[in-house]
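K.L.:
Residue strings, one per chain:
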Amino acid sequence: MNRLTLWFHRIGSPPTFYRIAGALAPWCFGVAIVLGAVALYGGLVVAPRDYQQGDAYRIIFVHVPCAWMSLFAYIFLAVNAFIALVWRIKLSEVLAMASAPIGAAFTFITLVSGSLWGKPMWGTYWTWDARLTSELVLLFLYLGVIGLHHAIEDRRQAARAASFLALIGIVNVPIVHFSVNWWNTLHQGSTVRLMGESHITGDMVWPLLVMALATHIWFFGSLFARARVGLLELEGGKDWAREIALADVARETTVAAHG
Amino acid sequence: MKPGTTFAACAALLRRDLTLIWRRRGDALNPVLFALIVVALFPLALGPEPENLRRIAAGIVFVALLLSGLLALDTLFRGDYEDGSLEQLVLSPHPLALLLGCKIAVHWLTTALPLLVVAPLLAEMLNLPRAVLPVLLAALALATPLLSLIGAVCVALTVGMRRSGMLLALLVLPLYVPVLIFGAGACNAAQAGLAFAAPLLWLGAGLVLALVLAPLACAAALKISLS
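Taken in sequence, the protein lines are chains A and B. Every letter in the first sequence is one number past the one before it in the working numbering, and letter 72, counting from 1, is 72. One gets the working numbering by counting positions in the second sequence from 1 and adding 259 to each.
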């Protein structure tokens, strides 16, 4: 076996991943909080007012990164779901199921921040526009995946069923977006482009991009923390999980004895 | 024992399912009654003005049929799961997707087709303009099999659960959104005097795609939930 496959298999084994994720998660949270604070300062203080939307536009520094994350988390979920179904890798099942609630939270934040922005700008909290509707359907898809995962007793079977649903859902998202787009649209077009020139000034772009980075890192921190719990639940009967549990108990008893 | 041909297996399955439904033919009326009652609720809630009702008639008929189909979905595999014949179906040497396709076809014939038959009555109750009725029927004829096929995949995922009703709705309804948009969109376009061919063609394309893929997905989902 060459070194890369060996490394891959080692990372994929639950005890190793549990350890690595435990080491990485606090760093991810720390970096994400610092970056998020910098981005919020840049977005709320440094960036200039918009000539048309005034200060209200500043919600995009939360809204847009969360909207990106809602899609990123779903793609992450679907990729892991695919791996879990095809290669039956336990870790992928856990990662897929761990990413669903985080994605749902980002989707929810997107919807809430979007409606708060919509009230002063469009004069209404909610409108049946293409992007809003597909984001709402995306939230329902997330909730369906989470609901199915919780409804089945056997953890592995639950993860596989929910993964399958997630894969059906990812086919659905573009179809919904397209169909609603054809039906009705009001949302403004994208202003940030990876290729070519953005329709937005540099002072506004950097906080946005830093915030996007922060949300991505936060996603992984949260993912690691959730995946650790998921792994312990799944592997509760195994030796390595028992060792960790016993070590925790031992530590608590010593603390109690000394305290 | 040598297994029979796949064709014979499908024919036997179709005959069995139809016989089972015929023996309990009273139940077959329930989706129709449900749709009738749902449609009757709307004038009670919105007021009886014909102009108001006419404007939203096609959408209401669509939603009523969709909800009625959703409630009927639960029966697709329930009986077979409880008496164990669903597992025999999975174990049979014939392609599971084909057998499931037969089951879905019977389910559509017995739950959705009666709804299609009463659709003109529902439309008349809501004063839908006569000229729109053919478009509504065409959209429903394309949409209901599509709904049955998509729904069957989700039912297969929840097959072993005791109380799957609300969860099933949560899984299925987001997937129904595009079908509803195109179906009701065609009717609304026809009512407004616009071209309505495009959404109908999209529905047809979706149906063709689902006819091929949904039985396969349904088989895969069933194997997950029976594993």
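Please note that the accuracy of each hint is not assured.
To be verified - Partial chain B-side listing against chain A, Cβ under 10 Å, derived:
#1 296
#2 365
#3 392
#4 416
#5 423
#6 431
#7 437
#8 460
#9 461
#10 483
#11 484
Said to hold, decoys possible - Partial pick of chain B residues on the chain A-facing surface, computed with a CB cut under 10 Å:
#12 409
#13 412
#14 426
#15 440
#16 444
#17 451
#18 452
#19 453
#20 454
#21 456
#22 466
#23 470
#24 476
Rather than coming from a laboratory, the hints here were simulated on the basis of the structure. For every residue, glycine included, the Cβ atom is placed at its ideal position computed from N, Cα and C.
K.L.:
For every hint, state whether the structure bears it out.
P.N.:
Hint check:
At about 26 Å, the closest approach between the beta carbon of residue 296 of chain B and any beta carbon in chain A exceeds 10 Å, and the interface hint on this residue is violated. Taking 10 Å as the C-beta cut-off, the interface hint given for residue 365 of chain B is violated, the closest approach to chain A being about 23 Å. The beta carbon of residue 392 of chain B comes no nearer than 22 Å to any beta carbon in chain A, farther than 10 Å, and the hint placing it at the interface is violated. For residue 416 of chain B, the interface hint holds, the least distance from its beta-carbon to any beta-carbon of chain A being 5 Å, beneath 10 Å.
Checking residue 423 of chain B against chain A by beta carbon gives a least distance of about 7 Å; that is within 10 Å, so the hint holds. For residue 431 of chain B, the interface hint holds, since its Cβ comes within 10 Å of a Cβ in chain A; the closest pair sits about 9 Å apart. A least Cβ separation of about 4 Å between residue 437 of chain B and chain A falls short of the 10 Å threshold, and the interface hint therefore holds. Given the 10 Å rule on beta carbons, the hint for residue 460 of chain B is violated: about 12 Å separates it from the nearest Cβ of chain A.
Because the smallest distance between the Cβ of residue 461 of chain B and any Cβ of chain A comes to about 8 Å, under 10 Å, the interface hint for this residue holds. Residue-level restraint check for residue 483 of chain B holds (minimum Cβ-Cβ distance to chain A is 5 Å; threshold 10 Å). Given hint, residue 484 of chain B at the interface with chain A, holds; its Cβ is 6 Å from that chain's nearest Cβ, closer than 10 Å. Checking residue 409 of chain B against chain A by beta carbon gives a least distance of about 8 Å; that is within 10 Å, so the hint holds.
With a least beta-carbon distance of about 6 Å to chain A, the hint placing residue 412 of chain B at the interface is held under the 10 Å criterion. Restraint check, residue 426 of chain B versus chain A: the minimum CB separation of about 5 Å is within 10 Å; hint holds. Annotation: interface hint on residue 440 of chain B holds; nearest CB of chain A at approximately 5 Å, less than 10 Å. For residue 444 of chain B, the interface hint holds, since its Cβ comes within 10 Å of a Cβ in chain A; the closest pair sits about 6 Å apart.
A cut of 10 Å between beta carbons decides the hint on residue 451 of chain B: the least distance to chain A is about 13 Å, and the hint is violated. Using the Cβ-Cβ criterion of 10 Å, the hint placing residue 452 of chain B at the interface with chain A is not satisfied: the shortest such distance is roughly 18 Å. This hint is violated: residue 453 of chain B has a C-beta 13 Å from the nearest C-beta of chain A, more than the 10 Å allowed. The restraint placing residue 454 of chain B at the interface with chain A is violated, with a minimum CB-CB distance near 13 Å, outside the 10 Å limit.
Interface restraint check: residue 456 of chain B against chain A, minimum CB-CB distance 14 Å, threshold 10 Å, status violated. The interface hint given for residue 466 of chain B is violated, since its Cβ lies 13 Å from the closest Cβ of chain A, which is over the 10 Å cut-off. For residue 470 of chain B, the interface hint is violated, the least distance from its beta-carbon to any beta-carbon of chain A being 15 Å, above 10 Å. About 7 Å separates the beta-carbon of residue 476 of chain B from the nearest beta-carbon of chain A, less than 10 Å, and the hint is met.
The earlier numbered hints that this structure contradicts are 1, 2, 3, 8, 17, 18, 19, 20, 21, 22 and 23.
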